[in-house]
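Colleague: Here's the letter readout for the chains.
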Amino acid sequence: MAAFTLSINGQAHAVDVDPDTPLLWAIRDGAGLTGTKYGCGVAQCGACTVHIDGQSTRSCSLPVSAVGDRKITTIEGLSSKEGRAVQAAWAAIDVPQCGYCQSGQVMSATALLEQNKAPTDRDVDLAMNGNICRCATYVRIRAAIHQAAKSLEG
Amino acid sequence: MSRVRQAVLAGFAGVLVASLVAVAGPLLPGEADAASRAADSTQLRPVSDFAKIRDKQKRAIALFEEAGKVITSPRCMNCHPAGDRPTQTDAMRPHQPLVVRGEHGLGPPSGLACTTCHHQANFDPAGVPGNPKWALAPLEMAWQGKTLGQICVQIKDRTRNGDKDMAALVHHMAEDELVGWGWHPGEGRTPAPGTQKQFGALIKAWAEAGAACPKG
Ligand code: FES
Ligand code: FES
Chain X
1 MAAFTLSING QAHAVDVDPD TPLLWAIRDG AGLTGTKYGC GVAQCGACTV HIDGQSTRSC
61 SLPVSAVGDR KITTIEGLSS KEGRAVQAAW AAIDVPQCGY CQSGQVMSAT ALLEQNKAPT
121 DRDVDLAMNG NICRCATYVR IRAAIHQAAK SLEG
Chain V
1001 MSRVRQAVLA GFAGVLVASL VAVAGPLLPG EADAASRAAD STQLRPVSDF AKIRDKQKRA
1061 IALFEEAGKV ITSPRCMNCH PAGDRPTQTD AMRPHQPLVV RGEHGLGPPS GLACTTCHHQ
1121 ANFDPAGVPG NPKWALAPLE MAWQGKTLGQ ICVQIKDRTR NGDKDMAALV HHMAEDELVG
1181 WGWHPGEGRT PAPGTQKQFG ALIKAWAEAG AACPKG
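Read top to bottom, the protein sequences are chains X and V. Residues 1 to 154, numbered by the working numbering, are exactly what the first sequence covers, in order. Residues 1001 to 1216, numbered by the working numbering, are exactly what the second sequence covers, in order.
Don't take each hint at face value.
Simulated DEER-style distance windows between Cβ atoms [stated by the list, open to error]: (1) Ala143/X - Asp1165/V: 45 to 55 Å; (2) Leu1106/V - Lys81/X: 44 to 54 Å; (3) Glu1103/V - Ser80/X: 45 to 55 Å; (4) Ala3/X - Leu1139/V: 40 to 50 Å; (5) Gln55/X - Leu1178/V: 18 to 28 Å; (6) Asp1055/V - Gly54/X: 20 to 30 Å; (7) Met1141/V - Gln55/X: 25 to 35 Å; (8) Ser1041/V - Ser80/X: 44 to 54 Å; (9) Ala143/X - Ser1041/V: 48 to 58 Å.
Stretches of chain V that chain X covers, calculated by requiring three or more beta carbons in the stretch to come under 8 Å of a beta carbon on chain X [as the list claims (entries may be wrong)]: (10) 1061-1067; (11) 1114-1126.
Read the hints as simulated data drawn from the structure, not as lab findings. Every residue, glycine too, gets a C-beta built ideally from N, C-alpha and C.
Isolated chain V, as found in the complex:
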């Protein structure tokens, strides 16, 4: 069954690649930027790219917007739901089967716990992702339905970020292994853009530039 699904996914990916190749023909003026932006969706710009922004606040905002490509990726968003139920896939559809957060984000005590299916590591033969810390982010850390600016304010707010100061926040983003899963999500899942190291560097540079948030 999973083979068939993989074959279908591979076929689908093939069609996608073919259509990308099809549009990658000669570029008209103005298309180059759009094309490089599209290619960029899997990459993160290095911190050095932002050094030319002299205004500290503007630099911080630009750095956070770049890091926001990770934060808003489905790999991260799916487990930061606004309600009780996580989402899944790049389409961020409701998790199948129905699971709810329970007291500690691990599922209700007598219900369907995350660990009924998710274990210590990704298990590609069954297409099931896993990590030792697999759990939903607490409700106060919900990101779905929020703008990047709102998420930015939220992750700096110690009443909503697990009481982390800026150093702890940088460390969490750069080192946490469940955060790191976003770049190693197992077969058939789009990883978060760039690398955790680059993401951590962007967050660190953002903090050092004053940690200003995008408007809105």
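Next up, chain X with everything else stripped away, as it sits in the complex:
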């Protein structure tokens, strides 16, 4: 075990875990923030997506020891204007079905809009195809991203 201090959503969280622990488990079990989900543990589903210094990152494929002092944002702390627009569009379109994949979807969608103000369908597909939804809400996800982009225009 080793002690790490993680900067999550603007707060310092002390966690005492094995250095090889995936960041996902340091966030969920160490910091007690359970909005970030475990789907596959092998970087195949996107449920564990967080932002590290604003970059979309699968928290299951990054050891906690490699994070350093970089800033982690999880679904609980998502507050950028793009993040708020995405969450509003998600609610308006009623995107989630069971909801399990959705924190990852929202994190990926927000990272997309933070870098691309007017994504095409192709851009959306390229940014989102690593986020699997077993309820197949893909059509609503795409619509909500376009709606969020539109709401940010003016």
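Starting from the known structure of chain X, arrange chain V with the ligands on it as the hints suggest.
Modeller: Structure of chain V with the ligands alone, referenced to chain X:
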């Protein structure tokens, strides 16, 4: 989940080993060569093995063919795709999820960047490989779908090799850390044959023998 996968892979590997052991019984004439060739697929012959080839051009070609075992290994080929999408595994299937090269081989700017999943080092608990220089080779360095002869001509061509002269090319093959990842690919992945040092020595000897390319 990854434990289960590892167990399945280990089981599969066990079956493979068992079948190899099964065929390693008494050899009939002619089978010895084939068997040693099969065993050779994880090894590289040393440069000294080629000294007996007196004809310089033939020696260069033989050296490059030996080095070609590395070049054509899935560890190298997977990130030298002909299109926009890398491949993965020994079967070289399309990378899952869909990722594309983007401007600098790092994924599209607002899309799925390599660094979404791949970090500074292999991370075996998640089965995800990594390296500080993790990226796709540029399109002009595409190897998939090409013969070894074509790849040979391509890697000597300064318009398609990142403007490397022969010394820089030898150095790249022998020292580059992303090239070196091919021999340290993490749990569950077949490493490139031999060692980077042996590979570098073969490429150097090939260059010194005139760097002729295999036909075709
Ligand atoms: S849990 Fe990380 S990608 Fe599935
Ligand atoms: S809403 Fe159920 S998995 Fe996506």
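Colleague: Quick one: which hint numbers does this structure break? Sort them smallest to largest.
Modeller: 2, 3, 6 and 10
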